[in-house]
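There are 2 protein chains.
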Amino acid sequence: MSNLLNRKILLASRPVGMPDESNFEFIEENVPELQDGEVLIRSLYLSVDPYMRGRMSAAKSYAKPYEVGQPFKGGVVGKVVESKNSRFEAGQYVDGLLEWAEYNVSDGSGLRRLNPEMAPVTTALHVLGMPGLTAYFGLLYIGEPKEGETVVVSGASGAVGTVVGQIAKLKGCRVVGIAGGDDKCAYLTEELGFDAAINYKAEENLRKALKEACPNGVDVYFDNVGGHVSDAVMSLINFQSRTAICGQISQYNADKPPVGPRVAGQLLTTSSLMKGFIVSDYAQHNKECLAQLAQWVREGKIKYRETIVEGFDNTIDAFLGLFRGDNIGKQLVKVAEE
Amino acid sequence: MSNLLNRKILLASRPVGMPDESNFEFIEENVPELQDGEVLIRSLYLSVDPYMRGRMSAAKSYAKPYEVGQPFKGGVVGKVVESKNSRFEAGQYVDGLLEWAEYNVSDGSGLRRLNPEMAPVTTALHVLGMPGLTAYFGLLYIGEPKEGETVVVSGASGAVGTVVGQIAKLKGCRVVGIAGGDDKCAYLTEELGFDAAINYKAEENLRKALKEACPNGVDVYFDNVGGHVSDAVMSLINFQSRTAICGQISQYNADKPPVGPRVAGQLLTTSSLMKGFIVSDYAQHNKECLAQLAQWVREGKIKYRETIVEGFDNTIDAFLGLFRGDNIGKQLVKVAEE
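If you're matching them up, the sequences are chains A and B in order. Per full-length UniProt numbering: the first sequence ends with 338, consecutive numbering throughout. Per full-length UniProt numbering: the second sequence ends with 338, consecutive numbering throughout.
So here's chain A without its partners, still in its complex pose (with noise of 0.2 Å):
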């Protein structure tokens, strides 16, 4: 043991429908000292992810469920402090799939160098990470737009959404965003050249007002929200038309399995596909888009932008803001100075 102090977040309890901190426990203990091929990390950023949620359940799932009693694990940029692993030494940047802690000891699987002159070590956490790969490979991969298809987006301000109507923007598409808040609105249609957005809020009649903003219908959808938005977007589907389905965030915190227009008829009449998926699906295909990513990232050809909460006490606010909308763009906690 050293006598470093750590703080780490363990799921307390298993959420039934909205998670609140009851679910959550903070725990102090001392990091232990290092053993050969270890590396010690300082947390620096921690992401929060909409899909955390289902990992707070036991249902069986992509991802494995947390357990009970045990961290948290999400997308952590850190600073190594210490390295007993000859791929790291003090002072670097990295990021991986770490525990929601101060700290963390890894052997070094999985754990990414990131070099700050080439991005701000932030955007590892989301375009050009997890999140950016998630939009990259469901727009391309299985939306497969084609220039002058229209390409509907929901969670468009979040921080996948925010990639796919701009990767979709570059491939000639008339692209349309729905999102809550006329904030969120307008960073889509005036920073981001979003053709058209919706507040999903505001509309009384989202059917309508989606069908005003696609006059050719809707060609390729990008879900990652499900409910009655994706409802109102389905009606519109066109022949041959691709849904991928990358979030349902409005029924993670469902209690009871939902219910809702059956979409089977609707894809057979218009001989359409949906496809579900998870960014590890096309792992293999990870370097040469995040090459890709940051190339335009580097042209301004996409932008992001960033919420940041302060200090880790406040993790569990920044998760439970996903599913209230508080953010624009990627959320992240900020738990120490770089």
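Derived from the structure by calculation, the hints contain no laboratory data. Quantities reported herein were computed from a predicted structural model and do not represent experimental measurements. Any given hint could be a false lead.
Copies of the same chain look alike in the list, so a pair counts if it works inside one copy or between any two.
[Said to hold, decoys possible] Listed below are the simulated DSS-like cross-link pairs for lysine-lysine, each with C-alpha atoms no more than 25 Å apart in a straight line:
no., residue 1, residue 2
1, Lys-60, Lys-169
2, Lys-169, Lys-208
3, Lys-256, Lys-334
4, Lys-146, Lys-303
5, Lys-201, Lys-73
6, Lys-256, Lys-171
7, Lys-334, Lys-303
8, Lys-303, Lys-60
9, Lys-211, Lys-73
10, Lys-208, Lys-60
11, Lys-84, Lys-73
12, Lys-8, Lys-64
13, Lys-79, Lys-146
14, Lys-146, Lys-60
15, Lys-303, Lys-169
16, Lys-171, Lys-8
17, Lys-301, Lys-171
18, Lys-211, Lys-301
19, Lys-256, Lys-211
20, Lys-8, Lys-334
21, Lys-211, Lys-60
Please arrange chain B on chain A, whose structure you already have, making use of the hints.
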């Protein structure tokens, strides 16, 4: 005008819910004189198919709605009575998309000459025609079954389902059929080699029965019926499963948009695909696939059964019987002797 009397069946009115006799009208009229390039065909067999229900409604779909006051069209096998088209001569067997009528006059486009020595001419309306191709394309191009996987097909004892299951067996899969009746289920397992068949009408807990029949889950689902049968199957899909939506017969007569468990979450957490299709999506492959189907039929690897109703007068009853589940294998109407 010749003095040859013809009878036709028209769409008298659009049904709400289950169609009945009042939606159909028989008319009599003389066959017109043949013009150059035309051919006169006497109907021998009419095909009645579930998708025709969709065409009775005005709603936009993959198949154009029938017009009120105009004849139904569908697959017809007939014999050339007279020809002013150099491609055809009297006495030849043909099939094509023709009117529900005792006689059709055609300009020859879309007409296929049939060789009765290669296969019984009725097979052009099922295993060596549209239903056979539908089974082939949906199973192999969307389902992509791999050896050892579990394939479930609903509407398993119909013209499409029987072919789906037998091709899946040829590909080395475990095949489970869902059908409505013990006689149908016995046909599937005893005559067609399905590994298991479930009579959904007799099961109080369809999901439980399916789970027992699919101990390794469901990798491919070929869906002809939709509704609660599909709900049970979808609850058992495996990671990266594929669902081909071929039909939704349980929903065709619904008088309001059907509601049920949302599938998007299930597709998401299993990285699964669901795709609707129509046989014409793959028309460029018709020739090679028909050749393959014909070979399997000749080799006895694909068997078929026909349910034949005698008499043009009974066409409507044969059609409505599809929705009552009257048929095993392909439902045909015999209009005249070969």
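Here is how each hint holds up against the structure:
Neither within a single protomer nor between protomers do Lys-60 and Lys-169 lie at most 25 Å apart by alpha-carbon distance, with minima of 36 Å and 29 Å respectively. Taking identical chains as interchangeable, the C-alpha atoms of Lys-169 and Lys-208 lie at most 25 Å apart only when both belong to the same chain, with a minimum of 23 Å there against 47 Å between chains. Taking the shortest Cα distances, Lys-256 and Lys-334 never come within 25 Å of each other, neither inside one copy (34 Å) nor across copies (51 Å). For a Cα distance limit of 25 Å, the shortest separation of Lys-146 from Lys-303 inside one copy, 22 Å, qualifies, whereas the shortest one across copies, 42 Å, does not.
In this assembly of identical chains, Lys-201 and Lys-73 lie within 25 Å of each other by CA distance neither inside one copy nor across copies; the values are 32 Å within and 47 Å between. Neither within a single protomer nor between protomers do Lys-256 and Lys-171 lie at most 25 Å apart by alpha-carbon distance, with minima of 39 Å and 38 Å respectively. Only within a single protomer do Lys-334 and Lys-303 lie at most 25 Å apart by alpha-carbon distance; the minimum there is 21 Å, versus 66 Å between protomers. Proximity of Lys-303 to Lys-60 under the C-alpha cut-off of 25 Å is found in neither arrangement, the shortest distances being 35 Å within a copy and 40 Å between copies.
For the homomeric pair Lys-211 and Lys-73, neither the shortest alpha-carbon distance inside one copy (41 Å) nor that between copies (33 Å) is at most 25 Å. In this assembly of identical chains, Lys-208 and Lys-60 lie within 25 Å of each other by CA distance solely across copies; the values are 18 Å between and 37 Å within a copy. With identical chains, the CA atoms of Lys-84 and Lys-73 are at most 25 Å apart within one copy only, with a shortest distance of 23 Å there and 77 Å across copies. For the identical chains of this complex, Lys-8 and Lys-64 are intra-copy neighbours only, at 19 Å inside a copy versus 61 Å across copies, given an alpha-carbon limit of 25 Å.
In the homo-oligomer, the alpha carbons of Lys-79 and Lys-146 never lie at most 25 Å apart, since the shortest distance is 41 Å inside one protomer and 46 Å across protomers. In the homo-oligomer, the alpha carbons of Lys-146 and Lys-60 lie at most 25 Å apart only across protomers (24 Å), although the nearest pairing inside one protomer, at 35 Å, exceeds that limit. For the homomeric pair Lys-303 and Lys-169, the shortest alpha-carbon distance inside one copy (12 Å) is at most 25 Å, but the shortest distance between copies (51 Å) is not. In this assembly of identical chains, Lys-171 and Lys-8 lie within 25 Å of each other by CA distance neither inside one copy nor across copies; the values are 43 Å within and 51 Å between.
With identical chains, the CA atoms of Lys-301 and Lys-171 are at most 25 Å apart within one copy only, with a shortest distance of 12 Å there and 47 Å across copies. In this assembly of identical chains, Lys-211 and Lys-301 lie within 25 Å of each other by CA distance neither inside one copy nor across copies; the values are 28 Å within and 49 Å between. In this homomeric assembly, Lys-256 and Lys-211 come within 25 Å of each other (Cα to Cα) only across copies, at 21 Å, whereas the closest approach inside a single copy is 31 Å. In this assembly of identical chains, Lys-8 and Lys-334 lie within 25 Å of each other by CA distance solely inside one copy; the values are 15 Å within and 76 Å between copies.
With identical chains, the CA atoms of Lys-211 and Lys-60 are at most 25 Å apart between copies only, with a shortest distance of 16 Å across copies and 37 Å within one.
Figure legend: structure checked against the earlier numbered hints; hints not met, in rising order: 1, 3, 5, 6, 8, 9, 13, 16, 18.
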